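A.B. asks: Using the hints, position chain B against chain A.
Number of protein chains: 2
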Amino acid sequence: MKSRFARYLPILTWGRHYDRSALTNDLVAAVIVTIMLIPQSLAYALLAGLPPEAGIYASIAPILLYAVFGTSRALAVGPVAVISLLTASAIGQVAEQGTAGYAVAALTLAGLSGGFLLLLGVFRLGFLANFLSHPVIAGFITASGILIATSQLKHILGIEAGGHTLIEMVGALLSHLGQINPATVIIGVTATAFLFWVRKGLKPLLRKMGAGPLLADIATKAGPVAAVVATTLAVWAFDLAEHGVSIVGEVPQALPPLTLPGFAPDLMRQLAIPAILISIIGFVESISVAQTLAAKKRQRIDPNQELIGLGAANLGAAFTGGYPVTGGFARSVVNFDAGAETPAAGAFTAVGLAIAAVALTPLVYYLPNATLAATIVVAVLSLVDFSILRKTWSYSRADFIAVAATILLTLMLGVEIGVACGVILSIALHLYKTSRPHVAEVGLVPGTNHFRNINRHDVQTDPEILTLRVDESLYFVNARFLEDLLQDRVVDGDALRHVILMCSAVNEIDYSALESLEAINHRLTDLGVGLHLTEVKGPVMDRLKTTHLLDHLNGRVFLSQYDAWKALAKPADPAKAAE
Amino acid sequence: MKSRFARYLPILTWGRHYDRSALTNDLVAAVIVTIMLIPQSLAYALLAGLPPEAGIYASIAPILLYAVFGTSRALAVGPVAVISLLTASAIGQVAEQGTAGYAVAALTLAGLSGGFLLLLGVFRLGFLANFLSHPVIAGFITASGILIATSQLKHILGIEAGGHTLIEMVGALLSHLGQINPATVIIGVTATAFLFWVRKGLKPLLRKMGAGPLLADIATKAGPVAAVVATTLAVWAFDLAEHGVSIVGEVPQALPPLTLPGFAPDLMRQLAIPAILISIIGFVESISVAQTLAAKKRQRIDPNQELIGLGAANLGAAFTGGYPVTGGFARSVVNFDAGAETPAAGAFTAVGLAIAAVALTPLVYYLPNATLAATIVVAVLSLVDFSILRKTWSYSRADFIAVAATILLTLMLGVEIGVACGVILSIALHLYKTSRPHVAEVGLVPGTNHFRNINRHDVQTDPEILTLRVDESLYFVNARFLEDLLQDRVVDGDALRHVILMCSAVNEIDYSALESLEAINHRLTDLGVGLHLTEVKGPVMDRLKTTHLLDHLNGRVFLSQYDAWKALAKPADPAKAAE
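Protein chains in written order, with the numbering used here: chain A, 325 to 903; chain B, 325 to 903.
These are calculated hints, taken from the structure and not from any lab test. Treat the hints with care, as some may be off.
If several chains are the same, the list does not tell them apart, and a pair holds so long as it fits within one copy or across any two.
Here are the simulated SDA-like pairs of lysine to any residue, each with C-alpha atoms no more than 25 angstroms apart in a straight line [to be verified]: (1) Lys890 x Arg776; (2) Lys527 x Asn349; (3) Lys869 x Gln623; (4) Lys524 x Leu347; (5) Lys890 x Arg624.
Quick caveat: nothing in here was measured; it's all calculated off a predicted structure.
So that you can see chain A by itself, here it is in the shape it has in the complex (with noise of 0.2 angstroms):
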């Protein structure tokens, strides 16, 4: 009993033995990470299409729930790049932007997806994430990024411009070039090629300089704080907002509020497969990242009580004026690096943000949304990676299909319909794989009692025996390819008699390829040729004897294939033999 409840409320067993020295690290890290998130969350929300606030109250209390639920020690949980793409994606579908209802579908997406996440994980079905394969992660994060970095252009240049594929996108912006705003554009390019300037070129500026890795660290972090204060700074010295800078503006200065998602069917219907979608991207972004850090301490995550950790945190999210959130990889990353030891880290960022959500929101009043928009565009432009196209072109054609077909897709259609397309053809290029298995023709090496292949070596065969290896499991797919196949060699080879299926690579015969192997014995049979098989493995074997096969089998089943060469071979060529 005590046992179950320490496995669905983790904070059972680290807060069990928690110390001072746990406290104060947790607390350096709290520090550090609340520093980064304040004009991090503000962007999302920005990018998100929410009001400023909303980004903030998103990582107050989900962040608690996960500590709760979570078991992962290190990981922040919060708004994410991509997943605020997807969600002004959802809901951008169901609301105009502004309105109160585009506030309350996210609230709707966020109770969804947290729903969801909690089903999967009580049912135990996290599984269901290795569906999204990691080229088309790849494709997805890659082609999300140019996404989002062209849907910040707008702000950065002054403009109103909207649409959500690639096309649409450039077309609006284009469109309205003539809209651009100076003031904007000189904050929004300053601010940009500083952050990427801090990114590239400061770390290595202050190592030279002699600082430790950790102070370049935390000084390359505190970028984003730097650009925000003093473009914050510019527009109120210069009244910038009165020549058309668009900025923050108020904030309510307020603990997250109570609020309540929409349980509108429709409105449940209509954000019901993007809730899904979210909660799955999002949950492979977080067990990556949990698993990672994770591993450095040997600490062990239960994927499925991630599943209800993140499933609580989005329900959190749906109930304090948020909208969807996930592990985040470099808040995360920021927080194990600063020493976090338990999630109550997490909670002292929490709390941390909470007094910022307090105290600190009229500082960002003057703040231009052209500086968010900076820190997103470099942020996610480092999540842009195209050489997994040249890594997959050179290690497997299909993985790179699926590589370009998901990019493509996601830039063309959009997000949903992008990752969605990766997903279904990753799955019918495998099947398609399996359907045409590898199989060798093997013959035995001289000498050894090994068997290889006889276009790769030289080997000794038997005209009347024919040893075919295959290298996949046997199932309804590529079944009848082994009937072809069959056929096609059994009409060549009049002075046939033995078929020998060396079983080796065979780790399932389902019932259809039970079905093909006796048609196959049955057609055999008819020839006058024999059926073996050797090497069957044993729970191939255990469910092999509960059927009529290997009765009506006309040949034998051989524990390996030398005895199977040894009792049907003729004696090899006496000349060969001597050699």
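C.D. replies: Then chain B, alone, in the frame of chain A:
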């Protein structure tokens, strides 16, 4: 050039060697098949909801075209029960039975199906048919048999009733029970009982009376002809048509007409999915029969050329007043058993049916529809075979679920949804199975160089070494499974120094799995644990060599598991070694 012609026109191959003996055999087979086909063609047209002559027309041009393009020597092409049902279900959704639109829809369906089959053949996409697993086919055929038999009850009872699902049909039958026509019931029930007896009791009786097996067989197959003759005479003699017995009535005395399928885009769009379904199901039925018969004579079937043959046959049906056709089981077996040697037998059958269409149609004027329905019911009930449920239950739960779902959904929701759900479900179940592969921890069988599952065998292990044999290809669906598994195992094992992955059953490592292996290697490196690979297959190794995994691997790649053991294991405990 010549050989390419020969590939696409198999008639050039067999036609060149055609001689008098083949001619005699083909003629005899054609006469027997023609007699069997006349009532069958009328009955299947009734099942499809088309006028009786459509069934005969669908057996003339298609047979001739298949004879030119098909690769099977004995396949007989024409209307079959399941395809007739699918036709009725598809065109019933776009037109009212008995209208001109209904007949045009049937032609269009045949045309679309023919075009699709041709495309698949030309692009050599025959493997797509493999996605229909044997359990799904078996479940679908059984459920279709029940649906077909139920759909014919109205003809046997002499009432009007509709419906496409079992519940609809039974409901319609029950609500019209009051309209039962006594004369029709007498004819229908008598004919059904007689045909059942012919099928079950006549052959043993004849054999007991000393008849040869061939004669007994032909007499059995002639049962439907006898029923047709007897009931037609009865209707004529007792003027039963005046007493409400529904009869075939006037059938045009003519050769197949030239017809045009409909080309309205709306109609084609509505029929596209059913046409694809009909094509694939028809192809699967046809190729199974063709391969079984060809194997008996060491003949070769080219699946892609078969698609072209069936495509041509269906296009022929579309332009000569027919409806979708395929290679039928019953008619092909009769053709083969009667001694057909070449597709010319089919051509002669076509001539026989053409003569029947011109000369014999007045004779079926008084043929009661109840008799035709009886022949259908008796024929399709032999398709109903629930033993597949028992067989798959004992062999594999996944296959059982696929069968059971296909049967239930086909009965409840109709043929199209049933088979589509069956296909999707069997793919999902396959992916689910491979998502959690069998992984065995193995140890050395003392005194040998074999490694076996530590849970099944008494083997030698080393606390510093964890050897896992993964019995599945590594690909995106199970990539994270291995990561999770290793994380769990490594966190537990403090003494652990080496992890060995034995890859003898790993037939593929896709890009996702490659990245997982890199992540595993990275995490194990952090923990000071070595990662080693053994028994990697040739094609998998070729691919890994193009990547950086092998450079970064913190352990080694060994050719055999025994090599790895010799290199990494501590000398065995002397006490144990002495045993």
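A.B. asks: If you test the structure against every hint from before, which numbers come out violated?
C.D. replies: 3, 4 and 5
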